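Note that the protein sequences, when read in sequence, are chains C and A.
The first sequence begins at 376 in my numbering and counts up one residue at a time.
The second sequence begins at 1223 in my numbering and counts up one residue at a time.
Derived by calculation from the structure, the hints in this document are not laboratory data.
Keep in mind that this is a model prediction, so the values were computed, not measured.
Glycine included, C-beta positions come from ideal geometry on N, C-alpha and C.
Treat the hints with care, as some may be off.
[Stated by the list, open to error] No farther apart than 25 Å at their CA atoms in a straight line, the calculated lysine to any residue pairs in the SDA-like style are these:
#1 C/LYS403 to A/GLN1417
#2 C/LYS472 to A/LEU1862
#3 C/LYS472 to A/SER1276
#4 C/LYS472 to A/ILE1841
#5 C/LYS403 to A/HIS1271
#6 C/LYS403 to A/ILE1841
#7 C/LYS403 to A/SER1861
#8 C/LYS403 to A/ALA1606
#9 C/LYS472 to A/GLN1851
#10 C/LYS403 to A/GLU1510
#11 C/LYS403 to A/ASP1708
[To be verified] To give a feel for the contact side, a few chain A residues facing chain C, derived at Cβ under 8 Å:
#12 ARG1844
#13 GLN1849
#14 ILE1850
#15 GLN1851
#16 ILE1854
#17 THR1858
#18 ALA1860
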Amino acid sequence: MNQLFCLESYLVISSFLFVIGLIIVLTKNNAIQIIIGIELIFNAAALNFVAFSYFRPHVTEGMQLSGQIFAIFVIVIAAADACAALAIILSLFRVFKTTRIQNINRLRG
Amino acid sequence: MNLLSIVLYPLISSLLIRMWGGKNPKLAGWLGCVSIVLSFVVTVKVGLHFFINSSLEPISHNLLTWAILPSHAILFSLKMDVLSFVMSLLITGVGLLIHIYSLGYMKKKEYGRYFSYLNLFIALMLLLVLSDQLLMMFIGWEGVGFCSFLLIGFHFESHKNMNAAKKAFVVNRIGDLGIFLAMMIILAVLVQEKQLWSLAFEDIRTHLDLFLTKSIFGMSLATVLCLLLFIGVCGKSAQLPLYIWLPDAMAGPTPVSALIHAASMVTAGIYLMCRLSFLFDVSHFASEVVMWVGIITALFGSTVAIFQRDIKKVLAFSTVSQLGYMTLACGVGAYAVAMFHVVVHGAFKALLFLCAGAVIKASQGNQDVYQMGGLYKDLPWTHAMFWVGALSLSGFFPFAGFFSKDLILSHVHEHHLFVFVLAMIGVLLTSFYIFRLLYLVFYSGKKRDLPGYITPWVMKAPMIVLAFLAIALGFLWTPSFLGSIDLFPQWMSSLYMIPFSTHSLWFEIGLSLLALLFSAVGLIAARKLFVHGPIADQWIKEKFPKLYQLLLHQYYIEEFYYKTFVHDGPPSNRKLSQDTAFTNSLFHFISVIKGMFDRYVIDGLVHWFAWIPQFLGSIYARIQDGQIQTYIRWITMASLIVLFYWFLWVSGMIA
């Protein structure tokens, strides 16, 4: 039980999340799917913050929850990011009638 | 400086006319004529030196050094000796008269283009004769060919004229190849043997023995050079294998025919042979070739001229024939005589062409002699001038043609008896065809009521001057029984080593009388046959259709060229092209192979070179394809590589 409930297992899960998110970002065509991948990468980072904060051996007074606060920040940023990204995707869809990012390449020289 | 200005006046005025003359015909006409006047005056001024100081020392003016490498420099310089002087006088003198004539002949709106071309021609022709080495002469040689192209196709609205221009250009290129090869051989020999980077006539003359001792294909190099140069001469001076462009060149305006295709440009070939006479003199084989080509061309031209219907075509074949006589004179070594005939012919042939121009102008563009006739009342002036030209051409005493033709005949007689007989027949034919033309145009029963056309003075005056010259020029070189004036051979004496014939007095008189008799027979026969119209032509056409067609079609030489070299056949006669002649298929086969070579080897090479950067570019283009995911991929890959090495470094596996 103690063996499983250690920092390394959190880091492994977090890196799994990060790699899955990265692969989604690299391979998916759909812009919305890519945003989902980005969310996964955010959450991998948030998980790291929480894990490091929890398993920290020496903690200064008043700083015990600093990692968790960062995680909340990350969630807020992710939400704001999703808002902005979805708005962009929506307006792109209006112009291009598609969300396939391969087809949205008007800027290519 | 003086020599340079002779060339520069017409050149600069040509540019000026091209820039501002188009909208201002008066300016174009004035500039065109004044520049030639200046050029003429300077030529005379420079040339007077020969007579005042009575030394035939040439005057030279260095222009520039064309340095291929500093040690291998070819010097460009202008040089005027008596030969160049005589040619320059001919070009600027006759050129000036024809410029003035053109003021009346050409339409006002054509002035700008016309005079700029004509001035450019004069400048380049002067460059040709004033150059002291082959390379710069070749520049002039090509340049006058180009101007000839422009002027033949002057009325380019008609497809026929453009074809004639193209034909002249292409045929001249064939000849130019010969000259180009000769230049390369000369340069190669001089560089190899003497380390002399030069094409100057003087250097060739000094090292003449080099060309005599070396040989290729069992011929001495001098002979090979002469034959190659003679190909060029054939092209420019319309000798037999390559004459075909000259009759078609009559598509140009008539003054152009008078200046370029009778008086000056076509004599460039004769000039070249005279300039390099020392080279032709040492090669007997080449001289024989030149002689035979000359006499055959002379006879060819005069026979073909007999049945032509176009007034300008008759004169064109007459020019071919007369150029044949000049070549013949060169072939028998009488270079000074050839030059004499060049000058004399320049005067009377220009005169004949200008008369023809006046006739064409009066009959509103009609050139068919069958539709003329009875013009002597409408055009009394032109009629008189034409008589002078015709008498001079056929060699009647005291016209200039008499003297030059007599000299050619006596030199030929000395050299080769059979050729002499042929030349005599040529004299008869010459007289016959020119008086046939005269009687058909000016007499021949029928009356045409022309709308009263009065030849303007700008056209009359040049004709009068030329008529005067066509009489007076002969007295520069008269035979012994007529005072034995020898101004002309004295001028030329420093240039040519020709043993002048020393016949007995009675022989010379006999020869002259014989030639006169032949000319008179031609005149009388033409008068009998043609004074009432082209009845004789019809008669021959019915009785001897083969002969008539043979002569009318110029011995089918043109058809032969069209069938062999031009795949499509002559534009006038499409039927021929349907014949699947052997030569036709042969040339088709060769062209297919050439096409394959061109497509796969030459084009293939070019495409291969073009493919290399394209291939490399396609690789690098993949890095920047505009897809954000691709960029992320590259970033990820690069970060992984950096991380990997960082781990290795941290773990101490690499230093």
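Hint check results:
1. Restraint check: the Cα-Cα separation between C/LYS403 and A/GLN1417 comes to about 76 Å, which exceeds 25 Å; the hinted pair is violated.
2. For the proposed pair C/LYS472 and A/LEU1862, the alpha carbon gap of about 36 Å is over 25 Å, so the pair is violated.
3. Between the alpha carbons of C/LYS472 and A/SER1276 the distance comes to roughly 98 Å, so the proposed pair goes past 25 Å and is violated.
4. Under the criterion of a C-alpha separation no larger than 25 Å, the hint pairing C/LYS472 with A/ILE1841 is inconsistent with the structure, at around 31 Å.
5. For the hint linking C/LYS403 to A/HIS1271, the alpha-carbon distance of about 95 Å lies beyond 25 Å, and the restraint is violated.
6. Between C/LYS403 and A/ILE1841 the CA atoms are separated by roughly 24 Å; this keeps the pair inside 25 Å, and the hint holds.
7. Between the alpha carbons of C/LYS403 and A/SER1861 the distance comes to roughly 21 Å, so the proposed pair stays at or under 25 Å and holds.
8. At roughly 100 Å between alpha-carbon atoms, C/LYS403 and A/ALA1606 are farther apart than 25 Å, so this suggested pair is violated.
9. For the hint linking C/LYS472 to A/GLN1851, the alpha-carbon distance of about 20 Å falls within 25 Å, and the restraint holds.
10. Proposed proximity of C/LYS403 and A/GLU1510 is contradicted: the alpha carbons are some 90 Å apart, above 25 Å.
11. A C-alpha spacing of about 104 Å is found between C/LYS403 and A/ASP1708, which places the hinted pair above 25 Å, so the restraint is violated.
12. Checking A/ARG1844 against chain C: minimum C-beta separation of about 13 Å lies over 8 Å; hint violated.
13. Given the 8 Å rule on beta carbons, the hint for A/GLN1849 holds: about 6 Å separates it from the nearest Cβ of chain C.
14. Using the Cβ-Cβ criterion of 8 Å, the hint placing A/ILE1850 at the interface with chain C is satisfied: the shortest such distance is roughly 7 Å.
15. Checking A/GLN1851 against chain C: minimum C-beta separation of about 6 Å stays under 8 Å; hint holds.
16. Of the supplied interface hints, the one on A/ILE1854 holds, with its beta-carbon coming within about 6 Å of a beta-carbon of chain C, less than 8 Å.
17. A hinted interface residue such as A/THR1858 counts as satisfied when its beta carbon comes closer than 8 Å to some beta carbon of chain C; here the least separation is about 7 Å, so the hint holds.
18. Residue-level restraint check for A/ALA1860 is violated (minimum Cβ-Cβ distance to chain C is 14 Å; threshold 8 Å).
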